[in-house]
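K.L.:
Okay, here's what each chain looks like letter by letter:
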Amino acid sequence: MMADMIHVKTYDAPEYDIREILRYAGCGKAEAEELPLLKDCLAELDGKLSYKVCWRYFLIRRLENGLDLSFAGTDSADLGRNLAGCEGVVVFAATIGLGIDRLIAKYGRISPSKSFLFQAVGAERIESLCDCFCAEIQKQAAEQGRFIKPRFSPGYGDLPLGMQESIFRVLECPGKIGLSLNKSLLMSPSKSVTALIGITEKNTGHSPGKCDSCDNEGCAFRG
Amino acid sequence: MNILEYMKEHIVYLDGGMGTLLQAQGLQPGEYPETWNLTRPEVITEIHQAYFDAGSNVVNTNTFGANILKFPLDELDKIVRAAMENAQASREKSAGQHEKFIALDIGPTGKLLKPYGDFDFEEAVTVFAETVKLGVKYGADLIFIETMNDSYETKAAVLAAKENSDLPVFVSNAYGEDGKLMTGASPAAMVALLEGLRVDAIGVNCSLGPRELAGVVEEYLKYSSLPVIMKPNAGLPKVVDGQTVYDVLPEEFSEDVAGLMKKGVRIAGGCCGTTPEYIRALVEKSAEVPPVPVEKKEFVCVSSYTHMLEFGDSPILIGERINPTGKKRFKQALQENDIGYILTEGINQQDKGVHILDVNVGLPDINEPEMLENVVCELQAVIDLPLQIDTSDAVAMERALRRYNGKAMVNSVNGKEESMRAVFPLVKKYGGLVVALTLDEDGIPETAEGRVKIAEKILKTAESYGIDKKDLIFDTLAMTVSAEPHAAKVTLQALREIRFQLGCRTSLGVSNVSFGLPNRDSINSTFFALALENGLSAAIMNPYSADMMRTYFAYRTLHGLDENCADYIRFSASYTPMQTEEQKPAGAVSAEEYKSALQKAIAKGLGGQAGEITVQLLKNVPPLEIINGEIIPALDTVGRGFEEKRVYLPQLLMSAEAAKSAFEEIKAFIARSEKEPAAGKCGFVIATVKGDIHDIGKNIVKLLLENYGFAVTDLGRDVPPEEIVETVQKLRAPLVGLSALMTTTVPAMEETIKQLRAGAPWCRVVVGGAVLTQEYADRIGADKYAKDAMETVRYAEEVNRTLGR
Chain A
256 MMADMIHVKT
266 YDAPEYDIRE
276 ILRYAGCGKA
286 EAEELPLLKD
296 CLAELDGKLS
306 YKVCWRYFLI
316 RRLENGLDLS
326 FAGTDSADLG
336 RNLAGCEGVV
346 VFAATIGLGI
356 DRLIAKYGRI
366 SPSKSFLFQA
376 VGAERIESLC
386 DCFCAEIQKQ
396 AAEQGRFIKP
406 RFSPGYGDLP
416 LGMQESIFRV
426 LECPGKIGLS
436 LNKSLLMSPS
446 KSVTALIGIT
456 EKNTGHSPGK
466 CDSCDNEGCA
476 FRG
Chain B
-6 MNILEYMKEH
4 IVYLDGGMGT
14 LLQAQGLQPG
24 EYPETWNLTR
34 PEVITEIHQA
44 YFDAGSNVVN
54 TNTFGANILK
64 FPLDELDKIV
74 RAAMENAQAS
84 REKSAGQHEK
94 FIALDIGPTG
104 KLLKPYGDFD
114 FEEAVTVFAE
124 TVKLGVKYGA
134 DLIFIETMND
144 SYETKAAVLA
154 AKENSDLPVF
164 VSNAYGEDGK
174 LMTGASPAAM
184 VALLEGLRVD
194 AIGVNCSLGP
204 RELAGVVEEY
214 LKYSSLPVIM
224 KPNAGLPKVV
234 DGQTVYDVLP
244 EEFSEDVAGL
254 MKKGVRIAGG
264 CCGTTPEYIR
274 ALVEKSAEVP
284 PVPVEKKEFV
294 CVSSYTHMLE
304 FGDSPILIGE
314 RINPTGKKRF
324 KQALQENDIG
334 YILTEGINQQ
344 DKGVHILDVN
354 VGLPDINEPE
364 MLENVVCELQ
374 AVIDLPLQID
384 TSDAVAMERA
394 LRRYNGKAMV
404 NSVNGKEESM
414 RAVFPLVKKY
424 GGLVVALTLD
434 EDGIPETAEG
444 RVKIAEKILK
454 TAESYGIDKK
464 DLIFDTLAMT
474 VSAEPHAAKV
484 TLQALREIRF
494 QLGCRTSLGV
504 SNVSFGLPNR
514 DSINSTFFAL
524 ALENGLSAAI
534 MNPYSADMMR
544 TYFAYRTLHG
554 LDENCADYIR
564 FSASYTPMQT
574 EEQKPAGAVS
584 AEEYKSALQK
594 AIAKGLGGQA
604 GEITVQLLKN
614 VPPLEIINGE
624 IIPALDTVGR
634 GFEEKRVYLP
644 QLLMSAEAAK
654 SAFEEIKAFI
664 ARSEKEPAAG
674 KCGFVIATVK
684 GDIHDIGKNI
694 VKLLLENYGF
704 AVTDLGRDVP
714 PEEIVETVQK
724 LRAPLVGLSA
734 LMTTTVPAME
744 ETIKQLRAGA
754 PWCRVVVGGA
764 VLTQEYADRI
774 GADKYAKDAM
784 ETVRYAEEVN
794 RTLGR
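Keeping their order, the protein sequence lines are chains A and B. By this note's numbering, the letter at position 127 of the first sequence is numbered 382, and the numbering carries on one by one without gaps. By this note's numbering, the letter at position 708 of the second sequence is numbered 701, and the numbering carries on one by one without gaps.
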């Protein structure tokens, strides 16, 4: 559906999802009014984030014991299931930039409550950015009569974090969106996501919320 | 001919894109282009030659990502050697008669430097140094550092280039659509940083097309005294019929770049998407453009990692509070390595409106070089103000300047030979705006003429080191007026002459003048106003003084520097006494649970109130009674609410912070009264384990433990097992808390516990963090798994009781 090049796009700030922020802050049942501090945090955040995504399309080949994703091979069964019936995959990296890390670090020393809330806001921001991006890919796919699978990141299920290295190589993340990979395969800025989105001709009719597709029923963050 | 000679009279043409051409020849996604120097030398040579043939004066070797992070040293050696040979071969083959140079190309490592990444600054210098040494060995004519999107990594690369070669150094940065580097620097900030590092040409490349980069280039032309480089992309990539094409064609590209040459660009080429065709078009299009002379700019400035600060008509405020002199609480913070306290001083001064922070951490019994470097790094991680490095220890000064991410203010040099010999070489190497005190071997002259003479001497000596007048700022020394009645007049007269006769900028530490007098603020602020009127550019001052701030804002208003008097009006409003806190209750704690005003303030998470009430209480109530009778019960109430899920974590934290404000007042009270601090609870060493950089959870636990009176030693994040064991042994700490967020770092936690069992069998280990469970904790041999911060506190209290404290 797209030629083999790295696309880069800067997005406008997605709408805040206050419920999600509260959920990430472990206040799932609270009302925003109970946390006036959150309002201060959002005001302070104004203009300090950027919303960048880079991505690239690859064809998939099924092998006897795994997948050839053109840029990397994997024998992950969970990814295999996720990409069942897909002919290609969009590999993307998204980040909201260093601004949030600076705020988290600044308040980590002087006001952990704010630091903690910025952490929750950051989690919501990057997820919202990914949602925006996926919606766009879904639209592009639909124009060609295709469908998308839920995004799948290294570290999900049995897909090793080591896949990060291949993704960083083919997306040139440091140059394209200012995203780098640490020795322990973590990303800086910290509020960043890499993932794969399967593209298929078959409508598998899925689109469960992210919590519904997870087995960890006792999770504190379950929405 | 040397390129520096050549560029004095000529416009220098660079080459264009490499990556796009290699992809066209079959470079695979993810394949390292540098390996083609060895495997496809004919392709690389051909591309270089095409650029030389098109008119490029400089080609960059195909070594953008050639560094020891990607290749082992022996392979790197082969790659750089082959890259250089390919470029040399192309130069010999090219028939053009123009001057041709070969630049060792150095791109970013792709790693982010600490503290936000895991790449150490000195490690970065070492990585770049290896490539530089090879470039020198195989005959590069210059070093071209390019596409850097982080000012700090840029500085590391420049230091590596300067320390390992005598070659000319060109530096080009990659800006985003917002006109800033990824890590936040503006073009003016980069000009300040790079001029300070004494590179030979600076500018921009990549990211955008020539039209989108024009704004950034014009900023460079405005501020730079060095030749400016422009190497834009051929616009943005698009896909047409399955092919990647760039949307700016050679005609338009060359037109736009030539247009900026007319405005002053002296070194130009192309980046992604450009080809020899673009360079040929550019050479033709600009053939008739005469090189615009590079003019020396007279900006007196410093910079941080985000912005440049110019010393102009509006006075500059330098906050003096990060300094232990006469401040017992600050001394205590330094001795206890309490970085949080020092950062808070910095952030509070920023909130008051200072433009620069003075940083002085000199105390007889601490390791000043280490402390100064550390504090500078910590401050610049969270505060974007330029810093003034304030020390008389040359070793400390060098370490701080080396790590500073910008052009620092340097406090200070004076007219003594010894001082100038120590300070000027550092300023020459790292850049900086130096405060020069008008005193010398004979002391402080009693007359203004004497001080001006010393200023002249300092200017002359600085020049002999290659340091410009614009990098000096003179302090004519405010002396105590109660000791010498004419002291202030002499200072002001010298100030006036240096500012208006010598044309230099000036600075004063104003507070000295009032020493020994009552109501010092009125003397200080009046002196400040007089000094401003006599040509003072910057003052080292106390921003918490309302009188000083009032003078500052009033002066700006009276001199027409404050549009619509807006700043003055805002300032005045903020100083109207209006002390009612309007924050809503922080927690769902019922009213009858409050036993006193302090307990209520803590339960509601009102830090300011908690501090004020504590100050009042301390007049009559012993500190220990306040802690045990008020603060701890309040925290317990909120803690219980949290355990019973009536209070949310952010609310618990706000209460903990309010309690901390109360403790802060108690600490300051004890420091003032020189009483021995009350014996607290046992020691607790806390750390996030090796490989893990998440510290929010750890910081929360630390805050609560401190509130409950534990002597917490925080080793930070990514801490090796050995360091933890060593600290526990040294302190004979009975408790260790380890945090890990990721499954991948649990093994590091296990290893730490193993080493603790061997090296400190007495201590008990409590673990926590997102990935941990009771089962995990048991498996790795922890004594206790705590599911949240309160549980850690409860456990620590239990252990403390068994120790009989």
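Keep in mind the hints are simulated off the structure, nothing from the lab. Careful, some of the hints might be misleading.
Think about it this way: if two alpha-carbon atoms lie no more than 27 angstroms apart in a straight line, the pair counts; the simulated DSS-like pairs of lysine-lysine are [claimed, not checked]:
id	chain 1	residue 1	chain 2	residue 2
1	B	K107	A	K303
2	B	K463	B	K422
3	B	K345	A	K394
4	A	K284	B	K422
5	A	K294	B	K63
6	B	K421	A	K431
7	B	K155	B	K421
Predicted model, so just to flag it, every value in this text is computed and none were measured.
K.L.:
Each of the hints needs a verdict: does it hold here or not?
P.N.:
Checked hints:
| no. | hint | result |
| --- | --- | --- |
| 1 | B:K107 <-> A:K303 | holds, 20 angstroms |
| 2 | B:K463 <-> B:K422 | holds, 16 angstroms |
| 3 | B:K345 <-> A:K394 | violated, 49 angstroms |
| 4 | A:K284 <-> B:K422 | violated, 57 angstroms |
| 5 | A:K294 <-> B:K63 | violated, 45 angstroms |
| 6 | B:K421 <-> A:K431 | violated, 35 angstroms |
| 7 | B:K155 <-> B:K421 | holds, 12 angstroms |
Of the numbered hints stated above, those contradicted by the structure are hints 3, 4, 5, 6, listed in ascending order.
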